[in-house]
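Work the whole structure out from these sequences, hints included.
Residue numbers (this note's numbering), protein chains in the order written: chain A, 78 to 333; chain B, 22 to 464.
No wet-lab data here; the hints were simulated from the structure.
Note that the coordinates shown come from a computational prediction; the quantities given were computed from them, not determined experimentally.
Heads up, the beta-carbon is just placed ideally off N, CA and C, and yes, glycines get one too.
Be a bit skeptical, because a hint or two may be false.
[Unchecked claim] With beta-carbon atoms standing in for the labels, derived distance ranges:
#1 B:T437 <-> A:K209: 31 to 39 Å
#2 B:K375 <-> A:D193: 34 to 42 Å
#3 B:T68 <-> A:A213: 35 to 43 Å
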Amino acid sequence: MLEVKNLKVRVEEREILKGISLSVKPGEVHAIMGPNGSGKSTFAGVLAGREGYEITGGSVTYLGQDLLELDPEVRAREGIFLAFQYPVEIPGVSNMYFLRAALNAVRKHRGEEELDAVEFIALVKERMKKLKMDDAMLKRAVNQGFSGGEKKRNEIFQMAVLEPKLAILDETDSGLDIDALKLVADGVNSLRSPDRSMIVVTHYQRLLDYIVPDYVHVLAHGRIVKSGDKHLALELEKKGYAWVEQLAASGEMVTV
Amino acid sequence: MSVAADRTTAPRYLEAFEAARREEPAWLAERRRLAIERFSLLGFPTTKDEEYKYTNLARIARGEWRPGSGGSLQPDALAAATYEGLEGPRIVFVDGRFDPERSTLSELPEGLEATSLAALLATAPDALEGHLTRYADFEGRALTALNTAFFEDGAFIRVAEKAVIAEPLQVVFVATGDAGTVTWPRVLIHAGRQSQVQVIETYISAAEGAHWTNSVTEIVGEDAARVEHFQVQQESVEAFHTGRVEMLEERSGYISTISLVLGAALTRNDVRITLDDEGCECALDGLVVISGKQHVDHHTLIDHAKAHCNSHQLYKGVLDGSSRGVFNGKIIVRQDAQKTDAIQNNKNLLLSTKAEIDTKPQLEIDANDVRCTHGATIGQLDKDALFYLQARGIGAGEARSLLVYAFAADLLERITVEPLKRHLERLLMRSLGRDSAAQEVSE
Ligand SMILES: Nc1ncnc2c1ncn2[C@@H]1O[C@H](COP(=O)(O)OP(=O)(O)OP(=O)(O)O)[C@@H](O)[C@H]1O
Ligand SMILES: [Mg+2]
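Structure below.
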């Protein structure tokens with residue numbers, strides 16, 4: 078599904094990603110953990126097509142295409158979904174309009190019929206119920222005045238509506254209390270399927286109790302310094318990020 | 022005699038004035054004579070005049086203008102001024118002259134009078150005396166002086182005391198639009214005590230020529246009258262448009278005016294109101310959507326003459342290409358005007374690096390117990406928001422339109438005539454290369 082090879086990225090003259098390789102197969106869930114500033118969001122942003130990055134080396138292949146060649150909207154239509162670490166507020170545009178425009182853009186790209194207002198509302202109401210979200214939110218402007226937790230839930234709700242092939246969740250757990258975390262995890266888990274892959278970026282092991290990953294990668298200073306299975310997350314939790322720093326310094330690299 | 026004026030073509034106007042023969046009451050003839058004399062002294066303002074610092078009228082001042090012929094129009098000439106779903110009465114002027122054929126005035130609601138000024142001046146001018154030309158002074162105002170000297174016709178709208186007019190009245194000025202022609206539209210709206218009315222004034226061109234429109238609208242609201250006024254200017258992008266709206270409110274009145282400018286190469290609008298008694302409220306709003314080399318200058322004045330009055334102002338500009346906007350908002354709070362509450366906001370969205378805006382608030386406050394706030398912003402489209410939309414599959418162009426629409430949304434909300442609001446939403450989307458169900462965006 079996704080093949081990242083030796084990806085190197087600069088931001089404003091500074092090398093942030095220093096050669097990342099990652100292979101994600103259909104149905105797999107990969108967790109990426111790492112300390113602040115290690116480059117997790119940069120990696121997610123590069124995959125989604127955010128501007129401002131200079132790709133200085135390596136390649137990213139998604140479903141057989143050169144992903145880096147595609148505009149962000151085309152990537153989204155092709156099934157890539159980024160749940161933002163900091164969802165953006167868009168005053169004046171309602172969630173309803175926004176999401177319908179997004180869904181119809183995706184459907185059109187897939188050669189499916191666009192949904193009319195009635196069909197659309199039926200679909201979103203069903204998805205909202207699962208995430209215990211209030212319908213009233215549809216009329217509100219995108220993320221405007223939402224609490225941190227509401228914003229994160231809104232990201233997962235959008236994902237549930239858009240049904241991506243590759244979901245990248247950037248710290249979707251931060252700012253959530255335990256109940257909201259469980260809801261979000263349930264939402265994510267209900268979307269797990271043999272042909273849908275996920276990259277879950279998180280700081281804490283806690284989320285991975287609920288969304289159990291197939292692989293865990295530790296990112297530090299722009300490199301994956303250790304990869305393993307779900308037990309790696311527990312080990313990391315126990316030993317702390319200082320351990321990762323040591324790994325990064327020693328240049329040791331462990332892969333599964 | 023200052024360099025802040027250009028009098029080169031003034032003699033030509035004086036000649037034209039002398040040559041004109043009009044049958045009209047002596048009081049108006051006298052006003053006109055004063056006006057043309059005033060203009061001869063003033064000449065056209067130049068950019069040396071502080072009030073016209075950013076707006077160069079040289080092409081108007083040096084032009085050889087002749088009256089529009091009022092010639093034949095295509096059957097669909099009024100399409101641009103037709104707001105789907107809005108029935109209501111309509112009074113139409115072609116090159117400034119009343120066009121009974123295109124007007125629909127046969128079923129005016131009770132309490133509403135809408136007539137041609139020329140017709141009224143010929144038959145029953147008394148209703149106009151003391152009002153027409155009395156609000157829009159021309160002392161230091163060359164353009165108003167010219168309109169006053171030369172207008173031939175226009176709309177007189179009178180709302181009887183306590184009459185509440187349900188449907189908006191439309192006043193449409195169509196210019197045939199041949200290059201080198203000028204029209205002098207004139208409107209007087211006189212709302213009686215406790216009456217209520219909505220008036221939409223629309224300016225369009227039937228052809229794409231470099232014509233000139235120099236309009237004056239006077240609005241007076243008697244005690245507790247409520248007037249909602251909308252001015253839509255969608256003339257040819259070759260045209261010149263200079264306009265004046267002068268309003269006066271008496272006790273506990275409410276007047277709102279929204280200036281919607283999409284057309285003309287050069288627009289200069291002077292929008293002014295005097296809150297002449299206690300308990301008045303007013304809203305002066307504007308939306309400018311321009312591109313290419315268009316230039317739009319709004320000079321507004323709110324004169325708080327008496328205590329306990331509120332004024333709100335929201336002007337928004339969406340500027341693309343190498344277009345240029347000017348906003349100068351003056352608020353005067355006089356000594357008697359304690360407890361004044363005045364809010365002014367000017368917000369601008371620049372869609373291109375070549376677009377420019379000059380914005381300036383001007384507050385003159387002579388009372389001590391007042392609240393006056395003002396603010397101006399100039400910004401570009403939010404890159405993060407654009408990416409967010411794109412990351413959900415929405416194309417770059419559509420994402421841009423959506424954000425522009427969102428920028429203008431609160432202003433569009435102030436357009437209380439739904440069909441007009443939808444019309445503008447569509448225009449806004451189209452001007453940004455998008456034409457779909459805009460009205461759903463904010464629902
Ligand atoms: N647009 C930018 N301009 C300048 N520096 C940037 C930019 N984006 C990221 N960086 C820098 O790149 C580094 C990696 O940032 P990134 O946001 O990817 O880290 P992260 O692992 O997601 O951190 P966190 O856990 O805090 O979310 C940081 O040092 C950051 O300051
Ligand atoms: Mg991050």
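Results for each hint:
{"no.": "1", "hint": "B:T437 <-> A:K209: 31 to 39 Å", "verdict": "holds (38 Å)"}
{"no.": "2", "hint": "B:K375 <-> A:D193: 34 to 42 Å", "verdict": "holds (41 Å)"}
{"no.": "3", "hint": "B:T68 <-> A:A213: 35 to 43 Å", "verdict": "violated (53 Å)"}
Of the numbered hints listed earlier, the single one contradicted by the structure is hint 3.
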